[in-house]
Amino acid sequence: MLDHTSAQLDPVPALLHQLETGNDVIRTGAVRALTAQARHDGRTRVALLAALLDEDPDVRGDAMAGLVGIARPGDAETIRRSLMGDPVREVKQAAVDCLTRLKDLAAIPLFRALLLSRAEETVAWEDENDVWDDWLDIQAAVIDALGQLTVTSAIPDMLAARDDEFGQTLDIPVFRALAAMGTEGAVWLLSVAQTEVGLARKRALEALAKVDPALLADQVDYLLADDLAEVRQLALPLVQADDARVADLVLNDPEPGMRVAALRRYGADAPDLVAQALSDPNETVQAAALGMMQPPLDPALEQSVVTKALAWMSLAGAALAGASADALTRLAPAMAADPLMALARDTARPLDARMAAVAGLGRLTDAAATERLIALLRNETQQVRTVALFHLAGLARQGDAAAAEALAMAIDGVLLLPDQAVVAHAHPAAPDLVAPKADTAPRGHLLITRDGEIIEDEGTPTDAVAQSTLGSIQQGMAKTEAPDMAEDTPEETALKRRKRRAIEGPETVADDLRQVALGVAGDVPAPTVEEAVLLATTLDADSLRLAAYRALLKRLGTAPLPALIQERALAGLSDPQAAIRSVAAQIIATDPTQLEALTACFGDEDALVRAVAVEHCAKGDVLLRFMADPVRAVRHAALHKIVATGDDDLERGAFDALLTAERIDTLGEALQRSKIAMALACAQLSTPDLPPRVAHLLIEALAVARVPQDGGRDDLSA
Amino acid sequence: MSTPYYVPEQSIPLPPPDAEVISTACDYCIVACGYKVYRWPVAGGRNGGPKADENAFGEDFPVAPLGAWVAPNQHNIVLHNGEPHHVVIIPDKDTEFVNYSGNSSIRGGALAQKVYNPQTPTRDRLKSPMVRMFGVLMPVTWDFALDIAAEVGNHVLEKHGTNAYCVKTFSYGYMENTYAVTKYALRHVRTANFTFHDTPSDVTSTPGFRDAGFDNFGPSYDDWAEADTLMMCGTDPYETKTILFTDYIMPAIQSGQKTIFLLPRRTSGVAFAEKNGGLLLDIQPGTDLPVVLAIARIIVENGWQDDDWIRNWVNNKWESSSGFGQGTRNTPWQWRTTWGKFQTDGFDDWKEWLLAQDYTVPEKAAEIAQIDVQKIYTAAEWMAKPKADGTRPKTSIMIEKGFYWSNNTGNTQAISALGIVVGAGGRPGQVIGRAGGHQRGGLRGGGYPRNKSPEKLPGRRRRAMDTDRYLMSGHTRLAHVIGTTWVQAMCGSQSLQAKFDELTTRNPHQVMSFEKQDIIDTLKRRADSGGMVVWDQDIYLVDPIGARYADIVFPASGWGEDTFTRANGERRLRLYPKFYDAPGEAKPDWWIVAQLSKKMGFEGFDWKDSNDVLEEGARHSRGSRKDFNMVLVAAQREGKTLHQKMGEFGTNGIQGPVLMREDGTLEGTKRLHDTTRSLPDTGPGGGNVFNKKLTHFNSQTGKCNLQKAPWDLFSSYWEWLKPREDEIWISSGRINERWQSGYDDRRRPYIVQRWPENWIEIHPSVAKARGIESGDYVQVYSDRIPVQTDTIVGVEGSDFDFASLLNNGHIELTKASITAVAIVTPAVKENLGYMDFLHTAQPANALAGRIVDWISGNYNYKMGVGKVRKMGESPYKKQFRSMSFARRDIA
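Top to bottom, those sequences are chains A and B. In the numbering used here, each number is its position in the first sequence, counted from 1, plus 49. In the numbering used here, each number is its position in the second sequence, counted from 1, plus 560.
Hints were generated in silico from the structure; no laboratory data involved. Accuracy of the hints is not assured; some may be wrong.
[Claimed, not checked] The calculated lysine-lysine pairs, modelled on DSS-like cross-linking and capped at a C-alpha distance of 30 Å, are: (1) B:1252 <-> B:901; (2) A:259 <-> B:1159; (3) B:719 <-> A:724; (4) B:1158 <-> B:1076; (5) B:719 <-> A:603; (6) B:1076 <-> A:357; (7) B:1158 <-> B:947.
Please put together the full structure from these sequences, using the hints given.
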């Protein structure tokens, strides 16, 4: 590795030159590159100050943004002039930020003027049609600034601006500024809180609480008496657990959310309140209370809780039913199995409650636990099957042979009898029949199924009187002529309809079970599972094959690859599906003895396949050709290897190749990671008569060669 | 047995006399007809009867044709406060404006079918937040989903910067929602990686209008009817804005209005116009500009231009230079008026330029566009030739996407110039504007952080980021997608989809846990590894953005499920009240964004209801075409909420910008740029904003800029793209029966029966050469779909012209293939295939080049090419029960 001097690695002189000579595209890049590469360099600060007078607004905007945090008090006057004279909003915003950080007291009159108006007599703005929006941003910025500078004399003006019915809503910035002003601001915040209503009052109190909660200590009763739950909630941190008001908060607050918050805060110290909360009229509160019930409980209470939980599992909404399933598992595991199974299977119950039931079943450890989960694998609901698979996989990893066998069968797709593979729904089988379509007589002889199929209602007599012209026509036609195509059109295939299913589905259990089983349990270390996974890599369905290869990848232990896996992986390298090829390549890459096979993937049309091949077996000059790859992931892989080699020639080659390929993002990465590349960039930039395109490339690469520092200096490469 | 046939319901209940009546407006097209919702409880069976005193309409049934009849599609049953209620949703027969005749389109007439009822095909509405675990979307609580989204979101912001956080959102889904979404994305996330549903960049859709000084939606609906000559470019209002056509333009045509369509396809509206003496300029795609300028050329060569208008309302040399026409220095668009390519020194300078261009010679333009040159001459005569008595025809010009999405900058510059020359602008019946697509529900809660965009082109301010290209380059680490399909709605959609696959489903970091922290950690690792995480927020699960890519799905509520506000195509503001419960746990978009924002630590999202949001946002409407701040002022003075005040306007609404008179009453604005309007000499009182565009045009001087429209800024692309060998143009657009992506239509049996698949209209000669007949399945494909690569290096303006991009290796050719059912018809131009624009299963946009108009940053969605070959017969070919191959261009 060459040892580069700091002069060779110093891009500042060249960037300053480009800032003087380049066009506006290059100048904006130079400003950002200076900020990225040499932010705290005095030359940068001087250059940025000068750039505030650039004719290009983007250059000025970037320069002012770059000055934030590095400007010195002596620069304040220049920045103030920009705030007044530059019409561009972004320049103004950054200028306010700069001056605030500098604690520039001379800017206060200007800030105060901008607080109340556009101050057009002293401040320039862009096109008047957009002035309103521009000023709103600046007004909020100067309010923040006045707060940070503790300009208490501006408080009346800030309140006046907030009260301007024609102005913008300024509650948040004004209250934040008042809060930053200490006692004097807090007094005004309290005043707002005591005299106003609704959102404004709530916001004032929140601002107050953030600054000094002690200021609210004397206001607890006042807060607790408030109509707004959010305001009452502000009092919670100020009420101790032994306070007499706690019970009232937990049990009697009119807002369920508040009762839940109180329960969570005080419940651990007041189990009797938790028990009482089980009788709350609101299910969310009941669910929260149930979640806090931990054994051992008083026997009578436990009996009561279990009885309630059983009832709620059958009747309550999602939150309480789910909490009940969870509580039953904790409090009465011996009697939980049947009710949990019933809930898990009941398609009329909320799905999240059913999933909670399956999760509960997964925590039971009795002899039939595995069988119950296996039984759920044939459940029509995809999410129920998935949770069951997850718990079965856990059991199999602990050595449960039955669970492993079931998983292997699920992956094989032979768990269900053929006639059970598809769950037929009786129409109109919507699970949530909360609103019957009509309270009148049956309305037609066709129905639409849950998947959007339009099907004939077999219950309608065929000799019924036609209910429409079309119906009349249809009655005269032979039923056999009707083609079965509603479910086969490209837009309405079963597959497509499935994708429209928000919650449950798909109904084709076997294929879905195979796919999910491969994902959830494909890495279970059981021979039967491995056999099933290997078999699945030969399936016709692309999605199943992909899932199988992914499972295979997860199963890998130490190299070399077992023969069967190696065979399937090599087969996968020539799969027509790119996703499979990339997974197969990752499998091959784990075995150093097989890497040669990956060289054939250098020319793969899929970027991720190429990236794997490059990462694992590209060497020497071969790496350089990937500097021009159209996909960043491939270039990144190649560059990573080049830099890791420590080969100066390769790094030079990479620099040249990236410059030729005009790949700014990877070039930036190279400059960040390679001193050689940085030195070459600095040298090139210093070259007289450098073509503008090359200068642009190098400058942009320098600009993105640092991680964003403040969220406002983004990677601007495109 | 299954059958695809739709049979309507036979009977529905009438509302009883005491049914609640709620005024609202249609959810669909820009016209926004007024509707009434009649609501009464199911419990008790208190339905109305056929006698006048037994029903809410006060009518004896059966009623006369076009009476207060209720169609079966106008009834449904919903939950209201948890209890089943009947709703009947019908056009408001009493409204004075918009659908003043009580008429409805096929879309609005079936509004009741869009509301959620689990016994109808709406049953798959999203009802619960979901998180993808083990590859499966699992229902979770709001807190669970939002906690994950907030923590991962903050991680992306901190580690990868604000531009790694993308927000792609609808622009029209009511002002309460758009205000909240933009406040979150632009004011708090502060990302430049932000745009709306129909564009890769947050830029103006009509740059030429912007430069000329025209607002997109200045005209009133009455203006279209009052024109003597109406030119409609790139749209048939009958197909897409039905009531605007049937209740305004059709009667005008029948009363003698001369109508000129500029379209590559003969539609129903065109057929009606032609039958009544109208004219179709049946150009081939992308050739609007030469034809428009040729019309202008004939007008000026004959001296038919509106000299008085031009003298008074067009910037002359001094005015153009002073303030550069478009305002003070450095405005984002100012460069176009000083660049040298567009700006003129006034009419004479523009005329000189016009006459010097060979493509503006009518015969040359006709050759490029492949039309009968006589039509150009006729159009010019109709638009500008003074009548025998010396008076001028009142001419108006309407444009829409077929026009401005073909050659975005060029076409809009050219039509603006033609509009100015014929005096269209600012007078009754003499206007120029957009017809509109969706309603106008945008309200900005933050300014676009232009300084963070990487799109710096020489000589101009940074342009808004091309979010598609940014994603393609792998910079986007989190995408929050709100109410849009994104993939199918953008150009070159199949290669875009492949990149989504690469960044999401093919990334090694997939969630394999039920534990919240595991999920968060996995998603962070994915973002850190160069992949992308996706939140999708919608009313239905959309494939693929939701069904395949989303890690978190937020269920949204929509029309009728919360109280919202929106404007129509003549800026008419109306309240859309909540009248039923949203399904399950679905929440309005503003609520979802507010909760997420709060969890991310952003302040100011503690609204308790949608009225709070609008009241905060009202101030931000000032100066806009929808300015309704004075409605808020009036409401507060009267002790009402803004929603209450808006509701008082009923279906009549009030047209923005809204001013307050001295006596405190409110006054709407019939048209913008209204040169006939007098405002108080004393200037704006109180909080009124007298925006210049109330009575003048949107420029520094208040006059119009008459600009050049160079064909050569676009022609290199057009020449390269135009069909070769056996290719034809592939373009797309809307049809009357389907709205947008068909998200509601796919759940309406009649529409599914009528349009079960995407289709392609092709000319008989094209069909014959390929052995295709109506009803055949065809493959529409191409292996030369140009897309911009993820890096564009340019320091000179010429670097960004298509030819230079191609030469510099910044254009990649991709492939795409979709299927369609052939409709063979002479209604289309001979070398054109025309498809439905957003059939999500077979999106026509897959064949349109992902090349932005390099001036504006917009896509030209209508410009695709491809080959067509027969695949076989579809089932519709011979059974005559689904689809129809009957000609639509018959009046």
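Taking the numbered hints from earlier one at a time, note which ones the structure violates and give those numbers from smallest to largest. Those not satisfied come down to hint 7.
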